[in-house]
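Just need the whole structure built from these sequences, with the hints factored in.
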Amino acid sequence: MHIASTPSSIRKLTASWRKAGASVGFVPTMGALHEAHRSLMERAKRENDRVVVSVFVNPKQFGPNEDYSRYPRPAAADAALCRRAGTDALYRPAPAAMYPEGFRTHVEVEGFSDRHCGASRPGHFRGVATVVLKLLNQVAPDRLYLGEKDFQQLTVVRRMASDLDLPVKVVGCALVRAEDGLALSSRNAYLSPSQRAAAPALYRALQEGAREAGRRGATPDTVERAARAALARTPAFRLDYLSLVDERTLERPASLSGPLRLLTAAFIGNTRLIDNLPVHR
Numbered sequence: 000m001h002i003a004s005t006p007s008s009i010r011k012l013t014a015s016w017r018k019a020g021a022s023v024g025f026v027p028t029m030g031a032l033h034e035a036h037r038s039l040m041e042r043a044k045r046e047n048d049r050v051v052v053s054v055f056v057n058p059k060q061f062g063p064n065e066d067y068s069r070y071p072r073p074a075a076a077d078a079a080l081c082r083r084a085g086t087d088a089l090y091r092p093a094p095a096a097m098y099p100e101g102f103r104t105h106v107e108v109e110g111f112s113d114r115h116c117g118a119s120r121p122g123h124f125r126g127v128a129t130v131v132l133k134l135l136n137q138v139a140p141d142r143l144y145l146g147e148k149d150f151q152q153l154t155v156v157r158r159m160a161s162d163l164d165l166p167v168k169v170v171g172c173a174l175v176r177a178e179d180g181l182a183l184s185s186r187n188a189y190l191s192p193s194q195r196a197a198a199p200a201l202y203r204a205l206q207e208g209a210r211e212a213g214r215r216g217a218t219p220d221t222v223e224r225a226a227r228a229a230l231a232r233t234p235a236f237r238l239d240y241l242s243l244v245d246e247r248t249l250e251r252p253a254s255l256s257g258p259l260r261l262l263t264a265a266f267i268g269n270t271r272l273i274d275n276l277p278v279h280r
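Residue numbers (numbering that gives the first Met the number 0): 0 to 280.
It is worth saying that the hints were derived from the structure and are not from the lab. Some clues are possibly wrong.
Stated by the list, open to error - Derived lysine to any residue pairs resembling SDA-like cross-links, with alpha carbons at most 25 Å apart:
1. K11 / E41
2. K59 / L165
3. K148 / L132
4. K148 / S38
5. K168 / S7
6. K133 / E100
7. K11 / R142
8. K148 / A79
9. K11 / V167
10. K11 / K168
11. K168 / P277
12. K148 / D220
13. K148 / S119
14. K133 / F61
15. K44 / R142
16. K133 / S185
17. K44 / S22
18. K148 / D66
19. K133 / P73
20. K18 / G85
21. K133 / Y67
22. K148 / F61
Just so we're clear, the structure is a prediction, and the values are computed from it rather than from any experiment.
Written out as structure tokens, the structure reads:
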């Protein structure tokens, strides 16, 4: 497995692959890799000749009071997982390589970035869109693989790629859960044993909302109320938001029609967890 640390080195490597006729799949991550990340790598491996995984804890998507400084960075374990998954290259740029002195340009996907998680984390999706565009320019992959756990992030990146005519296919991959339903996340490592035991209630609340959608007379309001009421039965959680949205626009639907999804974020202790679930009428 190649390990690259600068934009020029990863660009040179992937250019050599493309010159030889190989397709390139790309999995961008912030590290602290787990089985959900591995599932992205394995899908990329099935669908491409070469696979690049990036590990970069992006300072521009963290707010001033968030966990950038303490975000887990297990470099050796991350590299070992990439090797087991058959990754061809691991790209680990330093912040100074991504944002050199004098950096002033940012990418904003209007209307998609300032609601839901964006309302709670101002500037977060501007940081996401900026770093993903930079990484795409550096790696130049044929396909980009993102998990559906952060569904808003996936939607923002898809919109950016479409609006800016980027020559990449954005592939959304199914959310991966633990046996008890908790969505796999690097931040799960922050949970105490008692918090970890309570955490699956977030998924159960979404399931209750989805069940409500199938009941006669259900509306977007009753779906959201059912999910919120279910989560309220677990006092360990403090709700940030819970919204039923149209998957294509992230806007609230007028009725229970079209592709719909429940999005939520909630705090358990100091840890903010996100989750989502498709809703079918």
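Each hint tested on the structure:
At most 25 Å may separate the alpha-carbon atoms for a hinted pair to count; K11 and E41 meet this at roughly 24 Å. For a cut-off of 25 Å, the pair hint linking K59 to L165 stands: about 22 Å separates their Cα positions. About 20 Å separates the Cα atoms of K148 and L132, which keeps this hinted pair within 25 Å; it holds. Between K148 and S38, the direct Cα distance comes to roughly 13 Å. Compliance with the 25 Å bound is thereby established for this hinted pair.
Only pairs whose Cα atoms come within 25 Å are accepted, and K168 paired with S7 is accepted, the gap being roughly 23 Å. With a C-alpha separation of about 16 Å, the suggested pairing of K133 with E100 holds against the 25 Å cut-off. For the hint linking K11 to R142, the alpha-carbon distance of about 18 Å falls within 25 Å, and the restraint holds. A hinted pair counts as satisfied when its Cα atoms are at most 25 Å apart, and K148 with A79 qualifies at roughly 23 Å.
Distance restraint check for K11 and V167: the Cα-Cα separation of roughly 18 Å lies within the 25 Å cut-off, and the hinted pair is therefore satisfied. Between K11 and K168 the CA atoms are separated by roughly 21 Å; this keeps the pair inside 25 Å, and the hint holds. For the proposed pair K168 and P277, the alpha carbon gap of about 22 Å is at most 25 Å, so the pair holds. Our distance criterion of 25 Å between C-alpha atoms is met by K148 and D220, whose separation comes to about 23 Å.
Note on K148 and S119: the hinted pairing holds, with a Cα-Cα distance of about 17 Å set against a maximum of 25 Å. Of the supplied pair hints, the one linking K133 and F61 holds, its CA atoms being roughly 17 Å apart against a limit of 25 Å. At roughly 11 Å between alpha-carbon atoms, K44 and R142 fall within 25 Å of each other, so this suggested pair holds. The hinted pair formed by K133 and S185 meets the criterion: a straight-line CA distance of about 23 Å does not exceed 25 Å.
Straight-line distance between C-alpha atoms of K44 and S22 comes to about 10 Å, which keeps the hinted pair within the 25 Å bound. Distance check on the hinted pair: K148 and D66 sit about 19 Å apart at the alpha-carbon level, within 25 Å; holds. At most 25 Å may separate the alpha-carbon atoms for a hinted pair to count; K133 and P73 meet this at roughly 24 Å. For the proposed pair K18 and G85, the alpha carbon gap of about 21 Å is at most 25 Å, so the pair holds.
Between K133 and Y67 the alpha-carbon distance is near 20 Å, which keeps this suggested pair within the 25 Å criterion. In summary, the hint linking K148 to F61 is supported, as the alpha carbons are separated by about 18 Å, within the 25 Å threshold.
The structure meets every hint from the earlier list without exception.
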